[in-house]
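Undergrad: These are the residues of each chain, in order.
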Amino acid sequence: MALLSRFFASPGSLRELGIVGMNGRNIDLIARLNPRRLYPLVDNKLKTKQLAEQHGIPVPGLIHAVDTQRDIRELPRLLARRSGFAVKPAKGSGGKGILVITGRRPGEFIKSSGMSLRLRDISHHVSNILSGLFSLGGSPDTAVIEELIEPDPLYDDLSVEGVPDIRIIVYRGIPIMAMMRLSTRASDGKANLHQGAVGVGLCIQTGRSVNAVQFSDLVTSHPDSGADLRSIEIPNWPDMLELSARCADATGLGYLGCDVVLDVNRGPLLLELNARPGLAIQISNGSGLAPRVAAVDALPSSALLEAPADRAHRAQSMFAASA
Amino acid sequence: MRVASRTRRRISLIGIVGALVIVGVSMSVHRHYTADVPWLPGEEKLIWSIEASVEFVGNGRPAKVTLRRPTDQQGFSVLSESGASPGYGLAFLDDGDLPAAQWTTREARGLQRLYYRAEVLQRSAGGIEDNVPAPALRSPSWEEPFSTAVNAILDKAYQQSSDPFTMARQLTALFQAREPAQDVQLLINGVGSENLTALLADMLQSRDIPAATVYGLLLEDGRRRQRLRPLLRVWSGDESQVFRLDQEPAESRRPLLLWQPTRGYTLEVEGGSSSELFFSMIRSEQTDYGQVARALGTANGWLGFSIHDLPIEEQAMFKTILLLPVGALVVCLLRILVGLRTSGTFMPVLIALAFIETSLLTGLIGFLLVVSVGLMIRSYMSHLNLLLVARISAVIITVIAIIALFSVFSYEVGLTEGLKITFFPMIILSWTVERMSILWEEEGWKEVAIQGSGSLLTAVAAYLAMTNPWIRHLSFNFIGLQLVVLALIILLGNYSGYRLLELRRFRAMVGPKPDAS
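Going down the list, the sequences are from chains A and B. Going by my numbering, the residue at position 135 of the first sequence is 135; the numbering climbs one at a time, nothing skipped. Going by my numbering, the residue at position 210 of the second sequence is 210; the numbering climbs one at a time, nothing skipped.
I should point out that these hints are in silico values taken from the structure, not numbers from a laboratory. It cannot be assumed that every hint is accurate.
[What the hints assert, rightly or not] To give an idea of the interface, some chain B residues facing chain A are shown, with a C-beta separation under 7 Å as derived from the structure:
#: 1; residue: Arg169
#: 2; residue: Tyr411
#: 3; residue: Ala508
[Unchecked claim] Derived DMTMM-like pairs: lysine to aspartate or glutamate, alpha-carbon spacing no greater than 25 Å straight-line:
#: 4; chain 1: A; residue 1: Lys190; chain 2: B; residue 2: Glu107
#: 5; chain 1: A; residue 1: Lys96; chain 2: B; residue 2: Asp202
#: 6; chain 1: A; residue 1: Lys111; chain 2: B; residue 2: Glu441
#: 7; chain 1: A; residue 1: Lys190; chain 2: B; residue 2: Glu119
#: 8; chain 1: A; residue 1: Lys47; chain 2: A; residue 2: Glu233
#: 9; chain 1: A; residue 1: Lys96; chain 2: B; residue 2: Glu443
#: 10; chain 1: A; residue 1: Lys190; chain 2: B; residue 2: Glu443
Virtual Cβ for every residue (Gly too), placed ideally from N, Cα, C.
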């Protein structure tokens with residue numbers, strides 16, 4: 001028995017913590033609250049962007065959406081004066097096929113990793129995106145070219161490559177849990193927790209870090225830069241919560257993951273939305289989703305119809321730091 | 001409000017599951033009592049349903065097709081016979097000592113298909129001796145240099161034997177030696193290896209030993225489009241013996257039904273051309289219920305609905321198809337309750353089906369070989385930056401090439417087991433290779449190892465379930481139980497508790513382990 005409990009938690013102890021498992025998430029959250037017809041809104045970055053703009057949610061600026069191979073010929077003109085931009089497949093998932101150009105040299109583009117590319121390489125990448133190389137099931141896709149984000153200098157030490165983003169789970173319009181994902185060398189610059197990125201749980205009330213986890217183990221500093229992870233405090237926190245609440249209104253999804261970044265000039269920007277957000281956020285926060293879901297369900301239905309800013313404020317008062 | 005809708009959902013769920021279980025179980029119980037189908041697979045008495053299908057192209061004139069029928073013989077007795085052939089008159093001829101089925105029609109145009117079906121009881125021992133008289137002796141002759149070789153070989157076999165049977169055994173041994181003698185090789189090359197049986201019969205005839213090429217069918221459950229095997233039959237007085245040539249070791253264990261017990265034609269087609277004769281067969285486990293069930297099936301409506309009403313070729317197919325729900329149930333269990341990750345949801349079931357054909361160990365080795373070599377080649381191809389459809393097509397061709405290569409290689413080395421690799425579903429394997437390779441590039445080899453072993457584990461579990469004799473017996477004979485499987489799967493689909501592997505995933509969150517007590 002001792003051996004068993006060394007490797008396995010008992011179902012009762014997980015239930016006590018309010019951990020939501022995959023089956024529970026799929027049945028009680030996704031199947032119940034996320035109608036299938038709304039998925040295209042979040043699975044297509046271009047549609048998400050257009051939807052966000054209609055609802056006045058700030059997003060990184062769109063340079064161009066390339067949707068035919070013919071359009072690729074426009075690239076030289078479009079990119080001529082750009083020193084930095086990001087190329088993304090509209091239907092890509094998990095960061096696949098994203099190319100970030102952060103600088104120029106005569107005749108060359110510099111990737112975020114420092115590698116240099118020629119225009120021809122970028123055209124080839126766009127062509128791959130259009131033919132569906134990175135989209136689910138290989139269906140034809142659109143390449144979205146957007147302006148670069150200028151991350152807050154606060155984040156400089158927190159991520160080895162790219163901009164750390166903040167994932168906020170919004171349940172029935174109310175933000176209930178948040179974390180920041182920091183890429184590490186172990187995760188190869190990717191922000192996926194199971195690949196070794198660090199997840200930092202954030203207090204909904206304050207936007208301060210409550211807990212940080214890499215590979216399910218607690219950590220207190222960034223494994224590569226050594227930056228202290230216990231004292232992180234996200235600026236503009238109420239704005240971020242409000243933004244995520246507005247995303248829930250815009251999409252109509254009852255269980256939604258909002259990925260938000262903080263631009264130094266423009267403030268919080270919506271990067272992408274996810275209709276099937278994962279459960280690792282519970283490990284990052286050291287607490288389960290179920291009690292927070294129950295707390296929202298216990299609210300009077302009028303509370304769910306309040307303005308986004310009021311709901312963000314309500315969330316802050318409901319979910320004070322638990323750790 | 002939420003609670004109410006959840007309760008309503010729960011009630012309708014219980015209703016559906018309950019209805020499925022009740023209907024399924026009562027269908028099965030009904031079948032058990034009325035058709036006398038036992039709950040457990042029986043072993044003592046076996047019935048083979050054998051279907052012969054004759055195909056030919058009619059030339060628009062009257063057609064007459066005569067097909068030999070099997071008779072009671074050592075180890076087998078024929079229980080019942082029937083034929084299907086719209087537009088034809090069918091007669092079972094019993095005149096003389098060679099029973100036959102004869103189809104006749106005024107006009108046969110285009111592709112014609114005729115069916116003959118027999119239920120044959122296999123007896124472990126005893127049975128009626130078939131007293132097929134020895135065929136008349138002939139005196140065949142050979143040209144030189146074959147004549148000299150024939151005589152030399154016959155002399156040698158004669159020297160080393162004591163009676164017609166031992167002589168025939170010596171003769172077949174000479175022809176089946178791993179490295180045949182020079183004169184034997186000369187004859188084999190002269191007549192062609194497919195005519196060996198006829199040659200041996202002629203050789204024995206030339207020494208006044210009655211012998212003939214006869215034809216038999218190797219019985220194996222669920223086989224389709226089988227052909228008759230030529231066999232050497234030798235007579236001595238009232239007794240006779242049958243010798244098999246060119247057989248694989250595995251085949252010698254299979255029961256052999258003599259279809260054409262003496263010299264002569266098995267199939268005669270007048271008024272048509274390009275005739276073909278194929279056999280399908282299926283094993284049913286118990287003696288009496290087969291016929292009873294069939295009689296009931298036509299008599300009393302849907303409760304008696306039974307796969308046994310179908311032609312045997314389709315029955316053989318259904319024997320496999322009806323196992324698929326069991327495989328799907330295994331996948332559901334392992335994914336929903338355990339949380340195993342597999343590459344492609346139902347790929348493991350298809351791999352398990354291939355394992356049934358190949359046997360487990362051969363299948364596992366073959367699968368690992370094909371997928372690992374496929375992955376190596378695919379990783380090189382990823383440099384070519386192909387578009388998706390072209391890439392998958394290239395992988396399919398690669399997989400086929402690998403399979404062909406392994407087959408040829410293992411055959412050359414003498415491993416006939418290796419030939420079974422062709423049972424693998426190649427398109428599925430190609431997708432597996434493609435998916436694993438993408439996974440490797442995006443998530444690293446660890447994820448490939450996790451999903452790969454998850455898939456194999458699931459495939460082996462599905463294989464074990466689908467080869468279990470009891471499960472096979474139940475799934476084929478009690479269609480109602482499929483509804484129970486469906487009910488189980490619906491129940492699993494509503495399980496919102498933790499998966500076994502999640503208990504491990506979230507282990508760290510449960511604080512220090514309570515070891516102190």
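Undergrad: Work down the list of hints and note, for each, if the structure agrees.
TA: Hint check results:
1. Arg169: violated, 62 Å
2. Tyr411: violated, 37 Å
3. Ala508: Holds. Min distance 5 Å.
4. A/Lys190 to B/Glu107: This hinted pair is violated, its Cα atoms lying about 74 Å apart.
5. A/Lys96 to B/Asp202: violated, 73 Å
6. A/Lys111 to B/Glu441: holds, 19 Å
7. A/Lys190 to B/Glu119: Violated, at roughly 66 Å.
8. A/Lys47 to A/Glu233: Answer violated: A/Lys47 to A/Glu233 is near 32 Å, above 25 Å.
9. A/Lys96 to B/Glu443: holds, 11 Å
10. A/Lys190 to B/Glu443: Cα-Cα ~10 Å, so holds.
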